[in-house]
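Undergrad: Mind docking chain W on chain D? Use the hints.
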Amino acid sequence: AQSVTQLGSHVSVSEGALVLLRCNYSSSVPPYLFWYVQYPNQGLQLLLKYTTGATLVKGINGFEAEFKKSETSFHLTKPSAHMSDAAEYFCAVSDQAGTALIFGKGTTLSVSS
Amino acid sequence: DAGITQSPRHKVTETGTPVTLRCHQTENHRYMYWYRQDPGHGLRLIHYSYGVKDTDKGEVSDGYSVSRSKTEDFLLTLESATSSQTSVYFCAISDKGFSSGANVLTFGAGSRLTVL
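The listed protein sequences derive, respectively, from chains D and W.
Note that the numbering used here has the first sequence beginning at 1, numbered continuously upward.
Note that the numbering used here has the second sequence beginning at 1001, numbered continuously upward.
Read the hints as simulated data drawn from the structure, not as lab findings.
Some hints here could point you the wrong way.
[Unchecked claim] With a straight-line cut-off of 30 Å between C-alpha atoms, the simulated DSSO-like cross-links for lysine-lysine are:
(1) K105(D) x K68(D)
(2) K68(D) x K58(D)
(3) K1053(W) x K1011(W)
(4) K105(D) x K1057(W)
(5) K1096(W) x K58(D)
(6) K1057(W) x K1070(W)
(7) K105(D) x K1011(W)
(8) K68(D) x K49(D)
(9) K69(D) x K1096(W)
(10) K1057(W) x K1011(W)
(11) K58(D) x K105(D)
(12) K1096(W) x K1053(W)
(13) K69(D) x K105(D)
(14) K1011(W) x K49(D)
(15) K1096(W) x K49(D)
(16) K68(D) x K1053(W)
(17) K1096(W) x K105(D)
Pulled out of the complex, with its shape left as it was, chain D reads as follows (with noise of 0.2 Å):
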């Protein structure tokens, strides 16, 4: 069955410093892979995806991610992280049947000046 496993609830950094949020997958067919961003008090909004061809995908304001088929994982990253970046960041797989997306338990991501 599919699933995602985010690796750590909570992620600090300080402005300016890189941003590392990690997402392992399990899927017995091949992965479409997404990373969505929650604000406080919002829906999710789609960051970046992965569908087939170029492994690493560049998203909206700055952030990539890699897909690893050797490792599993899904990696978000951002050079350098700004305040406006705060929020929870959702991995999520698309499901066997190809109808619906299975999520992580999310990151909560903090950024310090």
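TA: Using the frame of chain D, we list chain W on its own:
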């Protein structure tokens, strides 16, 4: 949240009462979903619909029912609300599934339900 409206946005109710949450879309998308979000659990799928009158259960469907009589509306009903159903409920839409490509889900703003 453009194209997706959830109502009500906030509701407080008592244990044992019925509750219906509505999701309305103007995108003419085929797929509609209800997820619940709880601290420490992320988002979990309750039910989804792949067309008018076509619905299926998700991971946490017990205690919930859904209906879709029109393309644009997807209703989530709690027949007899319990405190464990206190949560934030999100509707999402998609124009196609994920079996043929990396489609995306677009989410509504959420409905916060408190069951006392």
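Undergrad: Please go over all the hints and tell whether each is borne out by the structure.
TA: Structure-based check of each hint:
1. K105(D) x K68(D): holds (21 Å)
2. K68(D) x K58(D): Roughly 15 Å between the alpha carbons, so the hint for K68(D) and K58(D) holds.
3. K1053(W) x K1011(W): holds (26 Å)
4. K105(D) x K1057(W): Holds, because 20 Å separates the two Cα atoms, which is no more than 30 Å.
5. K1096(W) x K58(D): Holds. K1096(W) to K58(D) sits at ~23 Å (cutoff 30 Å).
6. K1057(W) x K1070(W): holds (19 Å)
7. K105(D) x K1011(W): Roughly 24 Å separates the two Cα atoms, so the pair holds.
8. K68(D) x K49(D): holds (14 Å)
9. K69(D) x K1096(W): holds (25 Å)
10. K1057(W) x K1011(W): holds (24 Å)
11. K58(D) x K105(D): Holds, because 22 Å separates the two Cα atoms, which is no more than 30 Å.
12. K1096(W) x K1053(W): holds (16 Å)
13. K69(D) x K105(D): Status holds; Cα separation ~21 Å.
14. K1011(W) x K49(D): Outside the cut-off at roughly 33 Å; violated.
15. K1096(W) x K49(D): holds (15 Å)
16. K68(D) x K1053(W): Since the Cα atoms of K68(D) and K1053(W) sit roughly 39 Å apart, the hinted pair is violated (cutoff 30 Å).
17. K1096(W) x K105(D): holds (25 Å)
The earlier numbered hints that this structure contradicts are 14, 16.
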